[in-house]
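Q: Read top to bottom, the protein sequences are chains A and B. For the first sequence, my numbering assigns the number 1234 to the initial residue and increments by one for each residue that follows. For the second sequence, my numbering assigns the number 31 to the initial residue and increments by one for each residue that follows.
These are computed hints drawn from the structure, not numbers from a lab. We treat Cβ as the ideally placed atom computed from N, Cα and C, and that holds for glycine. Honestly, I wouldn't trust all of these hints.
[What the hints assert, rightly or not] Here's a subset of chain A near chain B, in silico, CB distances under 10 Å, partners left out: (1) G1316; (2) N1335; (3) A1339; (4) I1427.
[Unchecked claim] Incomplete in silico selection of chain A near chain B, CB under 8 Å: (5) K1306; (6) Y1309; (7) A1312; (8) R1317; (9) T1326; (10) A1328; (11) M1330; (12) R1341; (13) L1348; (14) G1351; (15) E1355; (16) E1467; (17) A1471; (18) L1472.
Letter by letter, the chains look like this.
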Amino acid sequence: MLKISNVSKTFNLGTVNEKKALQNISLQLDEGDFVTIIGGNGAGKSTLLNMIAGAYPIDCGIITLDGHDISLKAEYDRAKLIGRVFQDPMLGTAAEMQIMENLAMAKRRGKRRTLKWGVTKEEKEDYVNVVKDLGLGLEDRLTSKVGLLSGGQRQALTLLMATLKHPQLLLLDEHTAALDPATSSKVLQLTDKIVTEQGLTALMVTHNMRDAIDVGNRLIMMYEGRIIYDVKGEEKKALQVSDLLKKFEEASGHEFVNDRMLLG
Amino acid sequence: MSLLLSLQGALGQGILWGFMALGVFVTFRLLDFADLTVDGSFATGGAVCAIALTNGVDPIISLLVATLAGFIAGLVTGLLHTKCKIPAILAGILTQIGLYSINLRIMGRSNIPLLRIETLFKGLANQTNLSLNMVVIIIGVIFAVIVIALLYWFFGTELGSAIRATGNNEQMVRSLGVNTNFTKVLALMISNGLVAFSGAIIAQQQGSADVRMGTGAIVIGLASIVIGEVIFGKKGGFAVKLLAIMLGSIVYRFVIVIVLQLGLNTDDLKLLTAIIVAVALTIPVIMNKRKQLSMYKKLTGKEIEDHA
Ligand SMILES: Nc1ncnc2c1ncn2[C@@H]1O[C@H](COP(=O)(O)OP(=O)(O)OP(=O)(O)O)[C@@H](O)[C@H]1O
Ligand SMILES: [Mg+2]
């Protein structure tokens, strides 16, 4: 499905700010893998997702998705196959446009934009049903501007938009981090439901170790631009937060000092 | 009586310049791109139209050819911005400056009179018994209906939606698989096409094209947009917004006629226009602050000193 081979990325090469964000990363995902990624600040989690999505060019290495080499493809081009939800709820939707219009644009992922109507009549009815499943009461507000929604509602909508066309790969970068605890767990549940129901292949960065263990079938820990731990299946399910902390200390040689990751 | 006649003239002018304002709206409001190509592409429209007319091309075809020239001007700014990564304002300025020379090349001199040429307006005035002012208004309204209908339709299509979304959240549009470089270039082309169309129809109306006819056009366009928004509000559907800009352009011309009547020097018009834009852009900010303050007073239930 997704295959990353020897990918590296250094920011500000040759300056005092030089930062090796990814160091010779290799990773292979099977179809239907739902992988959670944890790691301290600056470990390279976001960079990894950005490299897969094509936000910045990679320095070296090869990324293939569904058998196609996408290493050098433009971001918009890869987006035909990849759905994304960002940490910032503002980034995933167009605030000045209606909920319906946002959904309609997501519905056309991977298609050429033509001179046909942006939102057709039949679609409108579909969207009522799709949005109803979110259980947020948005079905009556399809023509409201997205800017009027709360962060949690926007994030749920973004998730819906990212998965509306059944993407080959779903990338989630701390997509619940900016939400209050109740909303955050609601969006996480929704994520789990959508990914499982559709059998999507997904990568989810989280700073909550508990979530990382509970959700998905595989877990990756990153440290200083490397993958230092990769566990799946039953072994993953049996993990405890303390196990992850120990792993981290082994790899880094010092104690884990980020309480944000512990408390979530 | 003369004021009424002037206002009638202003109405026609307002409509014809309104096409330029609609063009500016496409970039300034929809794409969120401050495009300074406008001053150049407006004159390009006039220049191309004048040359076409003097070469015996039909007045309507001349308008279309001028619009095409505007598309190309927008294309250049768009490529400078997206391919060469030149910041929006600078890309527009570069095209604008370049167009000054190109416009002179097109015309072969700095001014082309169209006195002996059968323009759209003279044609209709000769056939009917209407005054030239009336003819300008009639033709202006016909084109306004066509242009606004076209814009309304286009920005409701998949492609048009993608352009609006690009101005709103570029990152999101890219992550939905749309090439935002393409949508930006397209919007700039449409915008400058409209601007050039406006320049062309103005040239026909005033009976000449001049290399300097576009100077300050961008500010006039902005003035029309903000006047329209202040008077008619930012709310309402897309059609209302487009109409509000047309009306804003007309109101702007009325204001000009009135202040000139009151004895303002024509040399001071540009300053006045700049002030109108600055004031109109400030009004919403002040209104917001006031609303916030009155809400605060209401909710906290005590009078506070108004420091603002
Ligand atoms: N655009 C950029 N320019 C320069 N340096 C960058 C850029 N993006 C990331 N970095 C650097 O690369 C390193 C990895 O950053 P990254 O954002 O991938 O970390 P992360 O694991 O997502 O951390 P966090 O948990 O804080 O989100 C950091 O040191 C960061 O400062
Ligand atoms: Mg990050």
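Q: Each hint needs a verdict: does it hold in this structure or not?
A: Comparing the hints with the structure gives:
1. For A:G1316, the suggested interface contact is upheld, since its CB lies about 8 Å from the closest CB of chain B, less than 10 Å.
2. Evaluation of the A:N1335 hint against chain B yields a held restraint, the C-beta minimum of about 8 Å falling below 10 Å.
3. The interface hint given for A:A1339 holds, since its Cβ lies 6 Å from the closest Cβ of chain B, which is under the 10 Å cut-off.
4. Given the 10 Å rule on beta carbons, the hint for A:I1427 is violated: about 17 Å separates it from the nearest Cβ of chain B.
5. Taking 8 Å as the C-beta contact cut-off toward chain B, the hint placing A:K1306 at the interface is violated, the least distance being around 11 Å.
6. This hint holds: A:Y1309 has a C-beta 5 Å from the nearest C-beta of chain B, less than the 8 Å allowed.
7. Taking 8 Å as the C-beta cut-off, the interface hint given for A:A1312 holds, the closest approach to chain B being about 4 Å.
8. Proximity of A:R1317 to chain B holds as hinted, the smallest CB-CB distance being about 5 Å (cut-off 8 Å).
9. Nearest Cβ of chain B to the Cβ of A:T1326: about 6 Å, under the 8 Å cut. The hint holds.
10. Because the beta carbon of A:A1328 sits about 6 Å from the nearest beta carbon in chain B, less than 8 Å, this interface hint is met.
11. Hint status for A:M1330: holds, given a least beta-carbon distance of 6 Å to chain B, under 8 Å.
12. Taken as an interface hint, A:R1341 checks out: its beta carbon lies about 6 Å from the nearest beta carbon of chain B, inside 8 Å.
13. Interface hint status for A:L1348: upheld, as the beta-carbon distance to the closest one in chain B is roughly 5 Å, under 8 Å.
14. The beta carbon of A:G1351 comes within 4 Å of a beta carbon in chain B, closer than 8 Å, and the hint placing it at the interface holds.
15. Because the closest C-beta pair between A:E1355 and chain B is about 15 Å apart, greater than 8 Å, the hint is violated.
16. Interface hint status for A:E1467: violated, as the beta-carbon distance to the closest one in chain B is roughly 35 Å, over 8 Å.
17. Here the hint on A:A1471 is broken, as its CB sits about 36 Å from the closest CB of chain B, past 8 Å.
18. Interface hint at A:L1472: violated, since its Cβ lies 32 Å from the closest Cβ of chain B, which is beyond the 8 Å cut-off.
In this structure, the earlier hints numbered 4, 5, 15, 16, 17 and 18 are contradicted, and the remaining ones agree with it.
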